[in-house]
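Number of protein chains: 2
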Amino acid sequence: MLNFKYFNPTKIVFGPNTVPELSSLIPAAARVLVLYGGSSAEKNGTLGEVRRALAPRVVQEFGGIEPNPTYETLIRAVAQVRAEKLDFLLAVGGGSVIDGTKFVAAAVNFTGDPWDILRHFGSNITLALPFGTVLTLPATGSEMNSGAVITQQASHTKLPFNSPLVFPQFSILDPTKTYTLPPRQLANGVVDAFTHIVEQYLTYPAQALAQDRFAEGLLLTLVEIGHRVLDQGEDYDTRANLVWVASLALNGLIGAGVPQDWSTHMIGHELTALYGIDHARTLAIVLPANLEERRPAKHAKLLQYAERVWQLTQGSEEERIDQAIARTRHFFESLGIKTRLGDYGLADDAVDSVVAQLEAHGMTKLGEGRDVTPEVSRRILNRCR
Amino acid sequence: MLNFKYFNPTKIVFGPNTVPELSSLIPAAARVLVLYGGSSAEKNGTLGEVRRALAPRVVQEFGGIEPNPTYETLIRAVAQVRAEKLDFLLAVGGGSVIDGTKFVAAAVNFTGDPWDILRHFGSNITLALPFGTVLTLPATGSEMNSGAVITQQASHTKLPFNSPLVFPQFSILDPTKTYTLPPRQLANGVVDAFTHIVEQYLTYPAQALAQDRFAEGLLLTLVEIGHRVLDQGEDYDTRANLVWVASLALNGLIGAGVPQDWSTHMIGHELTALYGIDHARTLAIVLPANLEERRPAKHAKLLQYAERVWQLTQGSEEERIDQAIARTRHFFESLGIKTRLGDYGLADDAVDSVVAQLEAHGMTKLGEGRDVTPEVSRRILNRCR
Numbered sequence: 018m019l020n021f022k023y024f025n026p027t028k029i030v031f032g033p034n035t036v037p038e039l040s041s042l043i044p045a046a047a048r049v050l051v052l053y054g055g056s057s058a059e060k061n062g063t064l065g066e067v068r069r070a071l072a073p074r075v076v077q078e079f080g081g082i083e084p085n086p087t088y089e090t091l092i093r094a095v096a097q098v099r100a101e102k103l104d105f106l107l108a109v110g111g112g113s114v115i116d117g118t119k120f121v122a123a124a125v126n127f128t129g130d131p132w133d134i135l136r137h138f139g140s141n142i143t144l145a146l147p148f149g150t151v152l153t154l155p156a157t158g159s160e161m162n163s164g165a166v167i168t169q170q171a172s173h174t175k176l177p178f179n180s181p182l183v184f185p186q187f188s189i190l191d192p193t194k195t196y197t198l199p200p201r202q203l204a205n206g207v208v209d210a211f212t213h214i215v216e217q218y219l220t221y222p223a224q225a226l227a228q229d230r231f232a233e234g235l236l237l238t239l240v241e242i243g244h245r246v247l248d249q250g251e252d253y254d255t256r257a258n259l260v261w262v263a264s265l266a267l268n269g270l271i272g273a274g275v276p277q278d279w280s281t282h283m284i285g286h287e288l289t290a291l292y293g294i295d296h297a298r299t300l301a302i303v304l305p306a307n308l309e310e311r312r313p314a315k316h317a318k319l320l321q322y323a324e325r326v327w328q329l330t331q332g333s334e335e336e337r338i339d340q341a342i343a344r345t346r347h348f349f350e351s352l353g354i355k356t357r358l359g360d361y362g363l364a365d366d367a368v369d370s371v372v373a374q375l376e377a378h379g380m381t382k383l384g385e386g387r388d389v390t391p392e393v394s395r396r397i398l399n400r401c402r
Numbered sequence: 018m019l020n021f022k023y024f025n026p027t028k029i030v031f032g033p034n035t036v037p038e039l040s041s042l043i044p045a046a047a048r049v050l051v052l053y054g055g056s057s058a059e060k061n062g063t064l065g066e067v068r069r070a071l072a073p074r075v076v077q078e079f080g081g082i083e084p085n086p087t088y089e090t091l092i093r094a095v096a097q098v099r100a101e102k103l104d105f106l107l108a109v110g111g112g113s114v115i116d117g118t119k120f121v122a123a124a125v126n127f128t129g130d131p132w133d134i135l136r137h138f139g140s141n142i143t144l145a146l147p148f149g150t151v152l153t154l155p156a157t158g159s160e161m162n163s164g165a166v167i168t169q170q171a172s173h174t175k176l177p178f179n180s181p182l183v184f185p186q187f188s189i190l191d192p193t194k195t196y197t198l199p200p201r202q203l204a205n206g207v208v209d210a211f212t213h214i215v216e217q218y219l220t221y222p223a224q225a226l227a228q229d230r231f232a233e234g235l236l237l238t239l240v241e242i243g244h245r246v247l248d249q250g251e252d253y254d255t256r257a258n259l260v261w262v263a264s265l266a267l268n269g270l271i272g273a274g275v276p277q278d279w280s281t282h283m284i285g286h287e288l289t290a291l292y293g294i295d296h297a298r299t300l301a302i303v304l305p306a307n308l309e310e311r312r313p314a315k316h317a318k319l320l321q322y323a324e325r326v327w328q329l330t331q332g333s334e335e336e337r338i339d340q341a342i343a344r345t346r347h348f349f350e351s352l353g354i355k356t357r358l359g360d361y362g363l364a365d366d367a368v369d370s371v372v373a374q375l376e377a378h379g380m381t382k383l384g385e386g387r388d389v390t391p392e393v394s395r396r397i398l399n400r401c402r
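Residue numbers (our numbering), protein chains in the order written: chain Y, 18 to 402; chain D, 18 to 402.
Just so you know, the hints here were simulated from the structure itself, not pulled from any lab data. It is possible that some hints are incorrect.
[Said to hold, decoys possible] Derived, one-sided and incomplete: chain D residues facing chain Y with beta-carbon distance under 10 Å: (1) Leu19; (2) Asn25; (3) Pro33; (4) Ala225; (5) Leu226; (6) Thr238; (7) Asp254; (8) Leu265; (9) Ala273; (10) Val372; (11) Ala373.
Note that the structure is a prediction, hence the values are computed from the model and not measured. For glycine and all other residues, C-beta sits at the position ideal for the given N, C-alpha and C.
Sequences are here, hints too, so could you generate the full structure?
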């Protein structure tokens, strides 16, 4: 097992009808900015519930945070917090709204150009506003971690940052809030969580027995519920499991003490920044190709994945690995998520463009072995065609 | 899935040679009381490392916290903290020292009779001193939770308490610290952790899919490493997995959103309080008998346990359950831990004595269905003979 530090102070409040608990979770004297995305939070009643729970506090609102939240939008929220002397943030939405809120929390008291936070991947954050979340879309795990990804629209740059100062103080996880989500967002959530798990699991054996079992348990659960999420509508337990698995997939737990490989995410970010493809769909494109390209280095864990997640125990080792990767791709496709660049209208020149952006953003030594150079990324992308 | 709240702010520092990190984990101006048990912490060098890391802070020491830490001993530590105006506690030891430190942390500023903390199971704690731990014995999970068990020697009373105010701020988990443990304590640790997991898992199905997979993963890991822990001496990865599994077994995670059954622990506590049997050994006595006695109510989960933990898929349902319980008992016995009251020199009158103590301590509605009355406890104990 690798050495590790683990710390996660976010309080989880899980269950239906938990939004009213905001009244005790947020200090009575707080001056609150509620951040949200599009019109659905208003239409489905969540914003109304939030307003009632926060009364009689001073509450302002900031809507319009887009999927892949942009620096250009968020910097306006920063200005509002500063001008109105607000001191507590509440994200109401999914990973984009929560990621955006983390950036606002870190930027409000940041001296200098706030984009420097991204340039330094968050290492220069020294202070952040306290904030909580009301999760409405299970996928990214942002509700229970200290990371975020922000896009600068002007330069097509999508960069992550991380700081222990931007853990949510609390997150309200009410699975019934997912009932109004369209199938596309639900399927994206399954694939996003699945890939988060794989990127912390499918590297090389590190004698981290419990972490492996946990990762496999989460993957097995997603395989078990994936189609039920799409087909069974308002089934509470199905949605509750999706919500909790997505949080556990990226709350630091399964990644503690193991090597990690975020190359699929980093390549995927460039696809989103350049072509606007949904984050989860970029992962569905890149992950199977990445596993194919790097199967020698991942051989032992691919075999373990084949046996424990897909129950593949027959045939040669290479056959089992073939099947495990094929099952992965088929799982994504069966959820309605295409896994080839061509499916999204991209031609071969996209490969060059993505590789150029990876180089421009310093993403030149990715993966658990830091050996995913631009040339390896190119080979992965060629397998995505 | 049941509704739940989950909160665990303990920072884990995991790896060899991590004791020096105390110098940054504890405030520079802190006045520290180091609490420990017997002479092993001094002999194996851990206390020396701790002293070096804490210098030049004001540091006092309090040794002699016994297994099943007693109120009578701890109240002397409380007096020392008050008299010397100490403001930070550091537990160096296993579950007993850490549990005792939690009590001291809660009692120092408690108004009135500190035993009232136990009478109210901790619900009346309003303030606690901050503290951290250096773990030397993996078993109880106390290093990453907010519970403790304290014994009043005079009255043979062993009671638990719990409060979010007594989470350790940090715990240093250095698996090499377990190298000097005798086999008896290592075997106890495996059985204690195993039983913690079972008591949060083996109840009735609650559609908590990830929690079940996590619990099964921890049990599978203990079965995998149990004998290696005893046989392979200073094998780092084996000990690292034991340490981390024992923490994960009782840090709130696998118990979030599921029914729980602590009847084995509560019956076991009375055996320890009356007869001084090691905590883990009382669990090894009670657990198999408890599963036997209550198998109708636990039928579905017993089948799941049989299949997923012991790979028992052949035979009738009752045969598989028979085998799963037998495997459990055999696992404990194979670690050198006896599972019958008679093995510890107890005769039939012990059953009456334990039942009387359960009644005296209000333990009259135990178990996930609150249906483990004294009469059911008696039947369980009769199966322990």
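Find the hints from earlier in the document that the structure breaks and name them by number, from lowest to highest. 10 and 11
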